[in-house]
Amino acid sequence: MIGAERAMDEAERRLISVTVNEVVHRAEVDVRLTLADFLRHTLQLTGTHVGCEHGVCGACTVLVGGHTARSCLMLAVQAHGHSVVTIEGLSTEGQPLPPLQQALADHHGLQCGFCTPGILTTLTELLRDNPSPSDEDIRVALSGNICRCTGYQGIVAAVRSLLPSAGREVRG
Amino acid sequence: MKPPPFRYYDPQTADEAVGLLASLENAKLLAGGQSLMPMLNMRFVQPDHVIDLNRVPELAFIREEAGRIRIGAMTRQRDLEFSPLVAERLPLIGAGLHHVGHRQTRNRGTIGGSLCHLDPAAELVTVAMTLDAEIVARGPQGERRLAMAEFPLGFMTPALELDEMLVAIDIPVPPAGHGAGFVEMARRHGDFAIVSAAATIELDGAGRIARAVLVLGGVDVSPLRMGEVEEALAGQAPSAAIFADHCRLCGAVEAMDDALVSGTYRRRIAPVMARRALEQAARHAMAKVAA
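So the sequences go chain by chain: E and A.
Residue numbers for the first sequence follow this note's numbering, beginning at 1 and rising by one.
Residue numbers for the second sequence follow this note's numbering, beginning at 1 and rising by one.
None of these hints come from the bench; they were simulated from the model.
Be aware that a few hints might be false.
Here are the computed lysine to aspartate or glutamate pairs in the EDC-like style, where the Cα-Cα straight-line distance is at most 16 Å [what the hints assert, rightly or not]:
#, chain 1, residue 1, chain 2, residue 2
1, A, LYS2, E, GLU12
2, A, LYS28, A, ASP163
3, A, LYS28, A, GLU16
4, A, LYS2, E, ASP30
Negatives, chain E to chain A, calculated, CB over 10 Å [unchecked claim]:
#, residue
5, GLY89
6, SER91
7, GLN101
8, CYS112
9, GLY154
10, PRO164
Pair by pair, the computed Cβ-Cβ distance ranges are [said to hold, decoys possible]:
#, chain 1, residue 1, chain 2, residue 2, range
11, A, GLY263, E, MET8, 48 to 58 Å
12, A, ARG43, E, ALA11, 11 to 21 Å
13, A, ASP15, E, CYS52, 33 to 43 Å
14, E, PRO99, A, SER23, 45 to 55 Å
15, E, SER17, A, GLU254, 48 to 58 Å
16, E, SER134, A, ASN26, 42 to 52 Å
17, A, MET156, E, PRO96, 47 to 57 Å
18, E, PRO164, A, ARG188, 24 to 34 Å
19, E, THR46, A, GLU16, 31 to 41 Å
The model shown is predicted, which means the values in this text are computed figures rather than measured ones.
Backbone N, C-alpha and C fix where the C-beta goes; we use that ideal spot for every residue, glycine too.
With the hints as constraints, model all of the structure from the sequences given.
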């Protein structure tokens, strides 16, 4: 075990290549590093938040291969060869906010914002797979994201405002 | 760094995985990671070796062969949820999956992982028991099959040898006209059930119950098949009164206490869950007759 002379033990450290927000990142990581910590500590993408670290709160939800996943429940090595989208990949700096994020801002869909990155990745998947979700669909989708300060009313209202039926609402 | 140190392997084939399992001491198989990863993060488990099955494509499939549906152990819960074949042939699976965690966890979670973790309240364990599934396990000596009813040996303990791996489950397809019902009581959507009930009902030509299956989850250390209720229902015309009457037996079972819920409460709600599951299954079967 002599520093750089030592051949890397693949059972303990691995070279991985992960596409994050359309950029390919290569890094050598400990095999026990979680994907959440890889994103935050190795890539400095701190928009993905870490709340409970055992898969309950949903704050660390990212898209892996287009599907939502708890990044605290994946190892970084498991993302090797896959494409990950984080909150940083859902908007472009200097450009207007995309409709979902603008709707959240307009409807008081966030307060402290800690849970918001996970909520946005969750809702991105929901609206992609089901463009006209019912209120129940929206609430079931959000059941895996714990928000403890804003409350869900504003978040549901934000999603509802984006639906094709929103324009037909009678407004008093 | 939350998980304890371990050595990591990502085999490409099931045989390679079984070989590793047989040759390594204190090894854990990593399936969807929705239970093992939290346990690693909290250091409840400290394996020396983690064998990741996520790069073994041969373990993820849904196939129909000769009146049976075979599901690979690494099939994601999401893929079962959205499979038209499963929805048509085994509607109980979709009904149960609706209560399993959340979309984010079903995207990763697998059927094999859930069955082997064997949480007493896991919906897929209860569903597999209700559907008379068979477990296909592979070890260094080859494959063997065992009935789901014999799979739980005790609290969270599957009947697998240390060098054996669950590779698939095999489910006989019930008659097309059967109805399925799954209900549960949980404190929040997606939580493990305090009590769940799964039921299937087949009707005869006269609209009477030809066969009923009823299983309670979350009550005892593993799902309880309510054979007495099933026998009592055979030959009866389905009605709310009949179900309520026979489901009283579900209140006389052994029930677990835990930190949040007493066995007394579980016995109190078990008959209600059972009745509702049977009513749902009967309505489903009758709707198919009408269609």
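Going through the hints against the structure:
Simply put, LYS2/A and GLU12/E have alpha-carbon atoms about 15 Å apart, close enough for the 16 Å limit, and the pair holds. Annotation: proposed proximity of LYS28/A to ASP163/A holds, straight-line Cα distance about 10 Å (limit 16 Å). Between the alpha carbons of LYS28/A and GLU16/A the distance comes to roughly 14 Å, so the proposed pair stays at or under 16 Å and holds. The suggested pairing of LYS2/A with ASP30/E holds, with an alpha-carbon distance near 11 Å, which does not exceed 16 Å.
Listed as a non-interface residue, GLY89/E keeps its Cβ farther than 10 Å from every Cβ of chain A; the least gap is roughly 17 Å. No Cβ of chain A comes within 10 Å of the Cβ of SER91/E; the nearest lies about 21 Å off, and the non-interface call holds. Non-interface status of GLN101/E relative to chain A is upheld: no Cβ of that chain comes within 10 Å, the nearest being about 19 Å off. Here CYS112/E stays apart from chain A, with its beta-carbon at least about 21 Å from theirs, past the 10 Å limit.
The Cβ of GLY154/E sits about 20 Å from the closest Cβ of chain A, beyond the 10 Å cut-off, so the non-interface label holds. With a cut of 10 Å on Cβ distances, PRO164/E stays outside the contact zone with chain A, its closest approach being about 22 Å. At roughly 53 Å, the beta-carbon separation of GLY263/A and MET8/E lies within the given 48 to 58 Å, and the hint holds. For ARG43/A paired with ALA11/E, a C-beta distance near 19 Å keeps the hint of 11 to 21 Å intact.
Range check, ASP15/A to CYS52/E: about 37 Å between beta-carbon atoms, so the 33 to 43 Å window is met. The given range of 45 to 55 Å is respected by PRO99/E and SER23/A, whose C-beta atoms sit roughly 54 Å from each other. SER17/E and GLU254/A have their C-beta atoms about 53 Å apart, which keeps the hinted 48 to 58 Å range intact. The given range of 42 to 52 Å is respected by SER134/E and ASN26/A, whose C-beta atoms sit roughly 48 Å from each other.
Here the CB-CB span from MET156/A to PRO96/E is close to 51 Å, well matched to the stated 47 to 57 Å. A hinted range of 24 to 34 Å holds for the C-beta pair PRO164/E and ARG188/A, which are about 30 Å apart. Take THR46/E and GLU16/A: their Cβ atoms lie about 38 Å apart, and the range 31 to 41 Å holds.
The earlier numbered hints are all upheld by this structure, with none contradicted.
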